[in-house]
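4 protein chains.
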Amino acid sequence: MLTNTRNLRIEWGDCDPAGIVFFPRYFAMFDTSTTYLMERAIGMSKFDYLKAYNFLGHPIVETHARFRVPTRFGDEVAIETAVAACGRSSIKIEHRLTKAGVLAVEGFETRVFVARDPADPERLKSQPIPPEVLARLVA
Amino acid sequence: MLTNTRNLRIEWGDCDPAGIVFFPRYFAMFDTSTTYLMERAIGMSKFDYLKAYNFLGHPIVETHARFRVPTRFGDEVAIETAVAACGRSSIKIEHRLTKAGVLAVEGFETRVFVARDPADPERLKSQPIPPEVLARLVA
Amino acid sequence: MLTNTRNLRIEWGDCDPAGIVFFPRYFAMFDTSTTYLMERAIGMSKFDYLKAYNFLGHPIVETHARFRVPTRFGDEVAIETAVAACGRSSIKIEHRLTKAGVLAVEGFETRVFVARDPADPERLKSQPIPPEVLARLVA
Amino acid sequence: MLTNTRNLRIEWGDCDPAGIVFFPRYFAMFDTSTTYLMERAIGMSKFDYLKAYNFLGHPIVETHARFRVPTRFGDEVAIETAVAACGRSSIKIEHRLTKAGVLAVEGFETRVFVARDPADPERLKSQPIPPEVLARLVA
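Chains as they are written, first to last, in this note's numbering: chain X, 1 to 139; chain U, 140 to 278; chain P, 279 to 417; chain L, 418 to 556.
Not one of these hints is a red herring.
Pairs of lysine-lysine residues, derived as DSS-like cross-links and limited to a Cα-Cα distance of at most 27 Å, are as follows:
1) L:509 / L:468
2) L:509 / P:370
3) X:51 / X:92
4) P:403 / L:516
5) X:125 / P:329
6) U:264 / U:190
7) L:542 / L:509
8) U:231 / U:264
9) P:370 / P:403
10) X:99 / L:468
11) X:125 / X:51
12) P:329 / P:370
13) P:329 / U:238
14) P:403 / P:329
15) U:190 / P:377
16) U:231 / U:190
17) U:264 / X:99
18) L:468 / U:264
19) U:238 / X:125
20) X:92 / X:125
21) P:329 / X:51
22) L:542 / L:468
23) L:542 / P:377
24) U:231 / X:92
25) X:51 / L:516
26) P:403 / X:51
27) L:542 / U:190
28) L:468 / U:190
Quick look at which bits of chain P chain L covers, simulated, 3 or more residues with Cβ under 8 Å:
29) 291-299
30) 305-312
31) 330-339
32) 344-357
Since the hints were made in silico from the structure, they are not lab data.
Fair warning: this is a prediction, and the values are worked out from it, not measured in the lab.
Each residue gets a CB set at the ideal place from its N, CA and C atoms; glycine is no exception.
Between the sequences and the hints, there should be enough to build the whole structure, so can you do that?
Right, dumping it as structure tokens:
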């Protein structure tokens, strides 16, 4: 299964009055990591692959996270992201955020690829993952 | 068990290029709903109850969410928040975000009350929930 | 000129490790206040007026703000928003955020109404404000 | 005067339903750039220099920005940050965000160094910039 790791720093504006990360910010970091993983699988930027495949996006349908060790501004962290499973139009992704090698946050997410429903542009409709993308995600 | 409901509107800045909520924003909304629930239980603002009980906060240790129906800017939604269980220093809380009566997002969270560790101010230490607060949370 | 006032509360997640608002959050609050003002002027939700007039949005081209008094989580504040001037395709808007009647933040912004350029959908093109909208903005 | 440049990518979660950056996010980016500049001047992480000098932070008292060219998710941008002027307890900083060498956003900010007022811990009190820090900022 495809994996990707990136390093980032926790910043002042990510943190709350307790001086630690305001936890919704972890989900924004994971969202970016998922983008990087998808871009690597597809070989295009998200802007380009959404257009190329006529996707509106790949919104989250379920997520689960465990926060084991707090992080604070200035902390250098790594996020390892991996495909855990792939279905016809959905994908399971896991994130491990570590600080100095210690597991700080685990995130699990299920996403579904969607397009606008041609019959009703107000609605989203799930879309099959193109075979060549699927092949690279589970390679 | 204590419950609380609040109404809010999804705003432009909560939404992503697909025109729907950027999902980390739901967690920020839930965080505020938890604050309102705690304030109601304790009878003080968060600013005041953190000081009164010498808590640094009540960070999340685990969360789980299901996103069933997308919401977009301009949507009026309601968030019902309820205590699901209380332990010695931890609390389980559930959120149900509805749009026009339809369940759009479910969130489950476990939080732990913490203070700075007097032996090491860089560390957080779990704290027992004061008995009078516990009594009101599970009333 | 049209004005609008709304009340809101500063929340934990709006604040930084100094315990006061992380200033970019004020701009998100002002953005929502501008939306409310526009909706009031046009008599439609933003979702509806963007579609009705084929606007992509009304992005900011310039802003200026003065932060006079800090606010912190739990503070109840009011934001008064007013049209300061209107041009052919641009509008100047002013915000005054007060806490207990004291001016805490002043914001000034210039926005321009835009659509996608039909000749190049990657580009934005300024659009004249429709006369009936202009009439209500400066009424 | 001290300067600093950093590269970053505009992400999906930074953008709004028009597909371009939600402008408050630029201020969060500038805030991080200011932190990097200060860390370089002082030779310590922000976490460390706030403690070393007993500062609570260096909040913004005034800002001004011009948005010339929109950016969207996937855009690689550079932010050049420079000290423009230094006073006894305040500093003026300028940011230039460029995309492919083209100036997209200019930001100007004035910050003041503060500590908690010992006479009233609810209040912030401006603090002189330590001489050795001042020397490096204007070097």
